[in-house]
Amino acid sequence: SAVISQKPSRDICQRGTSLTIQCQVDSQVTMMFWYRQQPGQSLTLIATANQGSEATYESGFVIDKFPISRPNLTFSTLTVSNMSPEDSSIYLCSVGDLGQISSGANVLTFGAGSRLTVL
Amino acid sequence: DQQVKQNSPSLSVQEGRISILNCDYTNSMFDYFLWYKKYPAEGPTFLISISSIKDKNEDGRFTVFLNKSAKHLSLHIVPSQPGDSAVYFCAAYQAGTYKYIFGTGTRLKVLA
Numbered sequence: 002s003a004v005i006s007q008k009p010s011r012d013i014c015q016r017g018t019s020l021t022i023q024c025q026v027d028s029q030v031t032m033m034f035w036y037r038q039q040p041g042q043s044l045t046l047i048a049t050a051n052q053g054s055e056a057t058y059e060s061g062f063v064i065d066k067f068p069i070s071r072p073n074l075t076f077s078t079l080t081v082s083n084m085s086p087e088d089s090s091i092y093l094c095s096v097g098d099l100g101q102i103s104s105g106a107n108v109l110t111f112g113a114g115s116r117l118t119v120l
Numbered sequence: 259d260q261q262v263k264q265n266s267p268s269l270s271v272q273e274g275r276i277s278i279l280n281c282d283y284t285n286s287m288f289d290y291f292l293w294y295k296k297y298p299a300e301g302p303t304f305l306i307s308i309s310s311i312k313d314k315n316e317d318g319r320f321t322v323f324l325n326k327s328a329k330h331l332s333l334h335i336v337p338s339q340p341g342d343s344a345v346y347f348c349a350a351y352q353a354g355t356y357k358y359i360f361g362t363g364t365r366l367k368v369l370a
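Sequence order for the protein chains is A and B. Just so you know, our numbering puts the end of the first sequence at 120, numbered straight through with nothing missing. Just so you know, our numbering puts the end of the second sequence at 370, numbered straight through with nothing missing.
Pulled out of the complex, with its shape left as it was, chain A reads as follows:
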């Protein structure tokens, strides 16, 4: 399965600032996703990062707050903009194969996550 490098692994940020999280995969993948895990909560899908086009956002998440880039099939970034303490979470990059996901056989592979604390 793919190996994902995500950075930063953790950061402490000031309210009102923005932070960009990078996700690098060691192989080309069709599907890349960004998840958030707030304290005590489940993993929630923020958006699907589409190569060469705008990301597809889930309900409750907007591009102005969470701009995403995906310039190629191995790399993506998620920016958390104008941060507030409510944005303190673990942000996870994950990848999957379109064909396998369609068949249900696949599973998502996750990065180690980026733990953000907003003061």
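One or more hints might be untrue.
Each computed SDA-like pair below joins lysine to any residue, with the alpha-carbon atoms no more than 20 Å apart [claimed, not checked]:
{"#": "1", "chain 1": "B", "residue 1": "Lys357", "chain 2": "A", "residue 2": "Thr49"}
{"#": "2", "chain 1": "B", "residue 1": "Lys357", "chain 2": "A", "residue 2": "Ile91"}
{"#": "3", "chain 1": "B", "residue 1": "Lys367", "chain 2": "A", "residue 2": "Gly41"}
{"#": "4", "chain 1": "B", "residue 1": "Lys357", "chain 2": "A", "residue 2": "Ala3"}
{"#": "5", "chain 1": "B", "residue 1": "Lys357", "chain 2": "A", "residue 2": "Thr45"}
{"#": "6", "chain 1": "B", "residue 1": "Lys357", "chain 2": "A", "residue 2": "Met32"}
{"#": "7", "chain 1": "B", "residue 1": "Lys263", "chain 2": "A", "residue 2": "Gln42"}
{"#": "8", "chain 1": "B", "residue 1": "Lys357", "chain 2": "A", "residue 2": "Glu59"}
{"#": "9", "chain 1": "B", "residue 1": "Lys357", "chain 2": "A", "residue 2": "Gln39"}
{"#": "10", "chain 1": "B", "residue 1": "Lys357", "chain 2": "A", "residue 2": "Asn51"}
{"#": "11", "chain 1": "B", "residue 1": "Lys263", "chain 2": "A", "residue 2": "Thr45"}
{"#": "12", "chain 1": "B", "residue 1": "Lys263", "chain 2": "A", "residue 2": "Pro40"}
{"#": "13", "chain 1": "B", "residue 1": "Lys357", "chain 2": "A", "residue 2": "Thr110"}
{"#": "14", "chain 1": "B", "residue 1": "Lys357", "chain 2": "A", "residue 2": "Thr57"}
Residues from chain B shown here face chain A by an in silico Cβ test under 10 Å; the list is partial [stated by the list, open to error]:
{"#": "15", "residue": "Thr303"}
{"#": "16", "residue": "Ser307"}
{"#": "17", "residue": "Phe347"}
{"#": "18", "residue": "Lys357"}
{"#": "19", "residue": "Ile359"}
{"#": "20", "residue": "Phe360"}
{"#": "21", "residue": "Gly363"}
If you are wondering where the hints come from, they were derived from the structure by calculation, not from laboratory data. Ideal placement from N, C-alpha and C gives every residue a C-beta, glycine not left out.
Using the hints, position chain B against chain A.
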């Protein structure tokens, strides 16, 4: 609307005994169910899955049972080992949506 629920936030089991982790769901359209394991400071890793057309899937010490009428699945770990201590997430997937819905996780502690 929490479509996938894990009502037990934590579970402690003696080494060698059986661990049973439970998960309930509300959407009868889910096609696959998966279990992920997460260690601290690591991303979740896939453990085992089951198709909605089956009621049991086994992989070594891990068995997942699906009860569609009750919209309930469970993960059995036998025998439990200290290395199994982790947070376990239940997830559900509906074909064609490319979306996985996760539960809130159950923290398993296996006592030596």
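The hints, checked one at a time:
In summary, the hint linking lysine 357 of chain B to threonine 49 of chain A is supported, as the alpha carbons are separated by about 9 Å, within the 20 Å threshold. With a CA separation close to 19 Å, the supplied pair lysine 357 of chain B and isoleucine 91 of chain A stays within the 20 Å bound. Of the pairs offered as hints, the one joining lysine 367 of chain B and glycine 41 of chain A holds, with about 17 Å between alpha carbons and a cut-off of 20 Å not exceeded. Restraint check for lysine 357 of chain B and alanine 3 of chain A: the C-alpha separation of about 19 Å stays at or below 20 Å, so the hint holds.
Using a Cα cut-off of 20 Å, the hinted pair lysine 357 of chain B and threonine 45 of chain A holds, with the two alpha carbons roughly 10 Å apart. The suggested pairing of lysine 357 of chain B with methionine 32 of chain A holds, with an alpha-carbon distance near 11 Å, which does not exceed 20 Å. Distance check on the hinted pair: lysine 263 of chain B and glutamine 42 of chain A sit about 11 Å apart at the alpha-carbon level, within 20 Å; holds. A threshold of 20 Å between alpha carbons decides the hint, and for lysine 357 of chain B with glutamate 59 of chain A the separation of about 10 Å falls inside it, so the pair holds.
For the hint pairing lysine 357 of chain B with glutamine 39 of chain A, the CA-to-CA distance comes to about 18 Å; that is within 20 Å, so the pair holds. With a C-alpha separation of about 14 Å, the suggested pairing of lysine 357 of chain B with asparagine 51 of chain A holds against the 20 Å cut-off. Between lysine 263 of chain B and threonine 45 of chain A, the direct Cα distance comes to roughly 13 Å. Compliance with the 20 Å bound is thereby established for this hinted pair. For the given pair, lysine 263 of chain B sits about 16 Å from proline 40 of chain A by alpha-carbon distance, which is consistent with the 20 Å threshold.
The straight-line distance between the Cα atoms of lysine 357 of chain B and threonine 110 of chain A is roughly 13 Å, inside the 20 Å bound, and the hint therefore holds. Taken as a hint, the lysine 357 of chain B and threonine 57 of chain A pair is honoured in the structure, with Cα atoms around 12 Å apart against an allowance of 20 Å. For threonine 303 of chain B, the shortest C-beta to C-beta distance to chain A is roughly 7 Å, which falls under 10 Å, so the interface hint holds. Look at serine 307 of chain B: its Cβ gets to within about 7 Å of chain A, closer than 10 Å, so that hint holds up.
For phenylalanine 347 of chain B, the shortest C-beta to C-beta distance to chain A is roughly 7 Å, which falls under 10 Å, so the interface hint holds. Checking lysine 357 of chain B against chain A by beta carbon gives a least distance of about 6 Å; that is within 10 Å, so the hint holds. Interface hint status for isoleucine 359 of chain B: upheld, as the beta-carbon distance to the closest one in chain A is roughly 8 Å, under 10 Å. Given hint, phenylalanine 360 of chain B at the interface with chain A, holds; its Cβ is 4 Å from that chain's nearest Cβ, closer than 10 Å.
The interface hint given for glycine 363 of chain B is met, as the beta carbon of that residue sits about 7 Å from the closest beta carbon of chain A, less than 10 Å.
The structure is consistent with each of the numbered hints, conforming to all of them.
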